[in-house]
Structures are given as C-alpha cells and as structure tokens.
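We have chain A; now place chain B onto it with these hints.
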Amino acid sequence: MKTQNQRAWFFVLPVLLLVAFNALIPMMTVVNYSVQETFGNNVFFWEGVRWFEELLNSERFHAALGRQFLFTGIILAIEVPLGIAIALAMPRSGPWVPVCLVLMALPMLIPWNVVGAMWNIFALPDIGLLGYFMNTTLGIDYDMTQNPFAAWATIITMDVWHWTSLVVLLSYAGLVSIPDAYYQAAKIDGASNWSVFRYIQLPKMKQVLTIAILLRFMDSFNIYTEVFVMTGGGPGNSTTFLSIDLVKIALGQFDLGPAAAMSLIYFAITLLVSWLFYTLMTKDDAK
Amino acid sequence: MAKITLSDLKHSYDPNPKGPADYALKEIDLEWSDGGAYALLGPSGCGKSTLLNIISGLLTPSNGRILFDDKDVTALPPNQRNIAQVFQFPVIYDTMSVYDNLAFPLRNRGVDEATVNTRVMAIAEMLEVTDMMGKKAAGLSPDNKQKISMGRGLVRDDVNVVMFDEPLTVIDPHLKWKLRSKLKELHQKVRATMIYVTHDQTEALTFADQVVVMQEGEIVQIGTPVELFERPAHTFVGHFIGSPGMNVLPCELREGAAFFEDNLITLEGAIEQGSGAAEIGVRPEFVKLGDAGLPAIVHKVSDVGRHAVVEAKVGDTSVKAVIEGEVPMQGSATHLSFDPTKTRLYRDGWIATRAGT
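Just so you know, the protein sequences line up as chains A and B, in that order. Sequence positions in the first sequence follow the working numbering and run 1 to 287. Sequence positions in the second sequence follow the working numbering and run 1001 to 1357.
Next up, chain A with everything else stripped away, as it sits in the complex (with noise of 0.2 Å):
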C-alpha cells in the first residue's frame, strides 16, 4: 500500500515563496501596469493592449529591436571562434595552465560600470590610451561621443574584450575531457588536424558550448551597464539597445504603461530565443 499525504507541499512551499517574491510578483505588477495608463498617485485608467499595440508598430521600437539583434549577432559572430581559437591554443597540462586560466578569468572578475568607465576613459581622444593614439599616431579621426561608428566599435571591443574569456574557459573545459585515446586513434586513423577539430573536439564541445553561446546570447542581448556608462545610447540613438531604450522610457519619459509593455515583449523574445535554440542544439541529443 502507499501512503497518500501531503507532506510533499512543505518541501515546495519554500521554494515556491521564493520564485513567488522573487519572479512571480515583480512580473505580475509589471503585467498590471502593461494594460493601464498612469499618471502616479495609484490613479489607474484601464488601457487594455493599447500599449502593445503601439509598440509593435512603432518604429522606434524596430530600430532599436534592429540595434539589439545586430549588436547581438556581431559579438557572437567574433567571440565564439575567437574563444574556441584561444581554448584550442591553451596548454592541455603543465605549470601554464593556471596562468592562463587566471589570466582568462580576470575580464569576467570586473564589476560591469567599472569595465564601462575604463572603456570610456580608455576611449577618450585626447587623454586616452587608445583614444590618443588612434587619433595622434594613426592619424584616424575617432571619437565615440561624435562618430557612431566608432562607438559601436569601441562598446563591440569591450564586449569581447569583457566576455570572450566565459566562451573559452567553457570550451576549454569540454577539450580537456577528451580522452587521450581519441587524439590517439585519429592518429592511428590517419585523420589531418581539421578532422580532429570537426570529428572530435567540436562535437565533445557541443554541449558546453550550447550553454556558452546562450548565456552570450542572454547577456548580451540585455546589455545596459556597460553602453550606458560609455556612450549613454549615443551619439543620437546610435547604441540605443533596447535595455537603453526601456529605462528612457520608463525613467525618462515616465511612460510606465509603455514601458511595462515593452519590458514583457523583450522578455518574451530573449526566452523565445534562447527556447528555440537550445531546442535545436540539443534536439539529437534526446534520440
């Protein structure tokens, strides 16, 4: 015979109050305000889906979903290889393993607006390391705060910059647990150097780089520190992302309906995002 109670709830019930207090509220109120207009005061007018409406078709909100997207795509594009590249050349064992491994980790240990203020120092064209140089030495006229170009290189840089090393140490983690039977075997097979990478060390990297590129993904398409910090989402709308975006409405303008809105409809795309690739990626795994 089984037992039947309901002891279970006690052990849920903690965890459920947490993602309560800590998830399910704070989105809860933010749903309350997406379908209301306010002017403060607790004084609520009933707007229904008016908000979302709006936004979906503003183009303010396609440029700045356009920035978010390309900026996105450009990061990945670079620091995926870039890390893959960097994890392959790493010393598989010795005294240089944990310099390198401490080495890689030291981007990632700094607090976001600090990397943001040593950007933008870094970047300025006349006190400046790098801004000095580029306009004194290489005579190319760059300066963030006036040429969008140049600010989108600069925050593209720093981004790598900050974050190439979590794709690395994650791939490097999935290359030392290969075992040395299969370098030993490709040999013995007669395998070149290209046929190991895509035979072996890719596909035993798959996983970890499943959640290397997603967590990349996750981040980045929530930048805001960093931008905001360096160039504030200019020059013009230039680097507004859409977190620069949502706190400008949100804050700025007090728009808190609008806002609320669009904050669920970015939600909405990072998790359909991340959802359907994840899906993918991990797809023949359940076969």
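Possibly wrong hints are sitting among the right ones.
Among the chain A residues that face chain B by a calculated CB cut under 10 Å, a handful are [claimed, not checked]:
#, residue
1, Arg67
2, Arg92
3, Gln184
4, Asp189
5, Asp255
For lysine-lysine, the following BS3-like pairs were computed, each having C-alpha atoms within a straight-line distance of at most 27 Å [as the list claims (entries may be wrong)]:
#, chain 1, residue 1, chain 2, residue 2
6, A, Lys187, B, Lys1135
7, B, Lys1288, B, Lys1189
8, B, Lys1136, B, Lys1178
9, A, Lys187, B, Lys1003
10, B, Lys1288, B, Lys1300
11, B, Lys1182, A, Lys187
12, B, Lys1136, A, Lys187
By construction, these hints were calculated from the structure, which means they are not laboratory data. Please read these numbers as outputs of a predicted model, since none were measured by experiment. Don't be surprised by glycine CBs; every beta carbon is placed ideally from N, CA and C.
Using the frame of chain A, we list chain B on its own:
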C-alpha cells in the same frame, strides 16, 4: 602484415633515468612472426601498455629499435606505420554514422569510394553490424561501439599489425565471451598479426597462440598457453596464471635434494648450481590427496563447481590441491603427494631444475 622485431627496447618516462627503477620497460628483445595472434599479459603497471604504445608509435622508446619486416620504424609516427589499435574505452566518432566511422581510415588515405564501400561492407558483414550501418554511432551500446572501433582497425587490408589494449574492459561479462570468440574468428579470417594486451589470463590464453608474460617492465616468460601452465619459468607466471595459482613452498636444500618441512621432495630433474632463496613450485592440479606422502590437515574446502579446491596445512604452510570427485572433511588428516614430473625448484623466482635429468 608483417613480422615484428623489438630489439634492445628500453623506455623511461623520466628524461634522466638514474637506475633500473626509473624504467617502465627494462629490456625487451622479441620477435613476432607474421600473422600470429599474440598476447601481452601482466598486472596493471607492468609496462604492457607502454610497450604497445611504442609499437604503435604513440611513444618513442628511450633506447632500442622496432622493425616491421626488417624495416626500421622507430622514428615513424603512427599514421606512417600502417597499424591499427583498439583502445580500452571504445573510440568512435559520435557525429558520424556507423558506415562513416568504418570508412573514416580509408577516406583519410584517399581510397576511392567504390573500394571504400566494398571494404566497409565486407568488414560489417564479418562483425555482424550490417543492420546498423545508417545509424549514428553515438547511440550504440558499448559492445557495438567496441566492435566498430575494431572494425576501423580491420578495414584497411594493408595493416602491419592490429593491437588491442584491454578491449573488453567496459563490456558486460556475458558479451565478453561473444566478442572474444568473434575476435578469434576474425583473426582466422583476416590473418593479420594481432597483439592483445590484457591483465586477464582467460582473455590472453583463449586469444593467443603465444603469450608474453610481463612483470615490472620485464618479460618473464614467452610461451604457448600450455607451456605457461605446465612449466612456468618464474614463480610469478605460476602464480599469475591458473586459478588458484601455483603453490610456492619454502624449502631447504641439502646435498642436492629439496626438503619441504623436513620431507624429501622428488623434483622433475637435477637442480642447477646457483644461490638464492629456494622454493618449490607445484600447481594445485598436480597435488594428490591420499594415504601416502606428506602428512597434512585439511584446513579449508571450497567447491568451485566442476572441482573442489582443498587447502591443507603441512606444518604451518598451506598447500592447495584441486580435487575432482570425493572431497575430504574439513579438519581431517590426510597425506599429500606431488607429481614429480610437474614439481620444480625455483631460485629467486626463476626455475632451477632441468626436466628429465
């Protein structure tokens, strides 16, 4: 296919070896003829995998030479030696199908697709994996994966030698037997020189025509399974092969005769001159219980199925005997007799009697 000669082979993992203790392989001189089935048998850490990696070219020996058909291959990398190796854990290319896995070594060598197809299908037939050719190799069971990695070794018809490094370690016991007989069958069909490394005596003795027993980087005996069983050249071989292993009994030498617990023991022949601790070796299979011989007390009886292993005490030393038929009672008194033609003297572990003299 080739004859393999190892001459004066030594290897140390230490770049500056100081003494014999630093050598994983102490001194190996060996000749294996074309098309034979050989086994390297020894406990873990005896240097057999080192020797295998040297033959395959994954390791370069500190000293000595390797010849394939009188051609010196010591300096050649693995892919130029034309060898195949099957590893302890099955190595398969996860993302490829079974067919592509088997075809991989051929395609890497630029063999045309028609030949690849004939060879792959022939090997698949032999291994009985034809029905899974289109499947992804990642989803196979360990024994099938190991079959595929064997197949990758056998698919080339020009291999000098196929080596197996404890290939049955991860295979379920009831499948081990099947794979083992498959391997034997393959050897008869392909007639390639095969070297099988293992610490399992059953695997070595059933697979090989000739077994090389190793201990601490040295070869202690080379022989057919029967030779190893009947006349171990070293107490280690006697102990390592056989279940239970050979009885190794301390003895005294007086006037050219051996005494065990003050009883004269008749040996197979004359004792060679020499010094060192003397021991008598006799396999439990050649110890008889009866009314005459060494007085002993039956200490323990274990029935292992077809026969029983009786452990009897002569003085303080226990002697094992394999008995078929009626088994004595525990604690009862009995007498032990050794078959003189199978009883030998060992000095410092090495055999020190000459048969029939």
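Here is what the structure says about each hint:
1. Hint status for Arg67 of chain A relative to chain B: violated, with the closest Cβ pair at about 36 Å, above 10 Å.
2. Using the Cβ-Cβ criterion of 10 Å, the hint placing Arg92 of chain A at the interface with chain B is not satisfied: the shortest such distance is roughly 16 Å.
3. Using the Cβ-Cβ criterion of 10 Å, the hint placing Gln184 of chain A at the interface with chain B is satisfied: the shortest such distance is roughly 5 Å.
4. Given hint, Asp189 of chain A at the interface with chain B, holds; its Cβ is 4 Å from that chain's nearest Cβ, closer than 10 Å.
5. The beta carbon of Asp255 of chain A comes no nearer than 50 Å to any beta carbon in chain B, farther than 10 Å, and the hint placing it at the interface is violated.
6. The straight-line distance between the Cα atoms of Lys187 of chain A and Lys1135 of chain B is roughly 24 Å, inside the 27 Å bound, and the hint therefore holds.
7. Restraint check for Lys1288 of chain B and Lys1189 of chain B: not satisfied, since their Cα atoms lie roughly 43 Å apart, outside the 27 Å limit.
8. With a C-alpha separation of about 23 Å, the suggested pair Lys1136 of chain B and Lys1178 of chain B falls inside the 27 Å cut-off, and the hint holds.
9. A distance of roughly 22 Å separates the Cα atoms of Lys187 of chain A and Lys1003 of chain B; the hinted pair therefore holds under the 27 Å criterion.
10. As the CA atoms of Lys1288 of chain B and Lys1300 of chain B are separated by approximately 15 Å, the hinted pair is consistent with the 27 Å bound.
11. Proximity of Lys1182 of chain B to Lys187 of chain A is assessed by CA-CA distance (about 26 Å); at most 27 Å being required, the pair is judged to hold.
12. Distance hint between Lys1136 of chain B and Lys187 of chain A is fulfilled; the C-alpha atoms sit about 22 Å from each other, no more than 27 Å.
Against the hints set out earlier in the document, violations occur for numbers 1, 2, 5 and 7.
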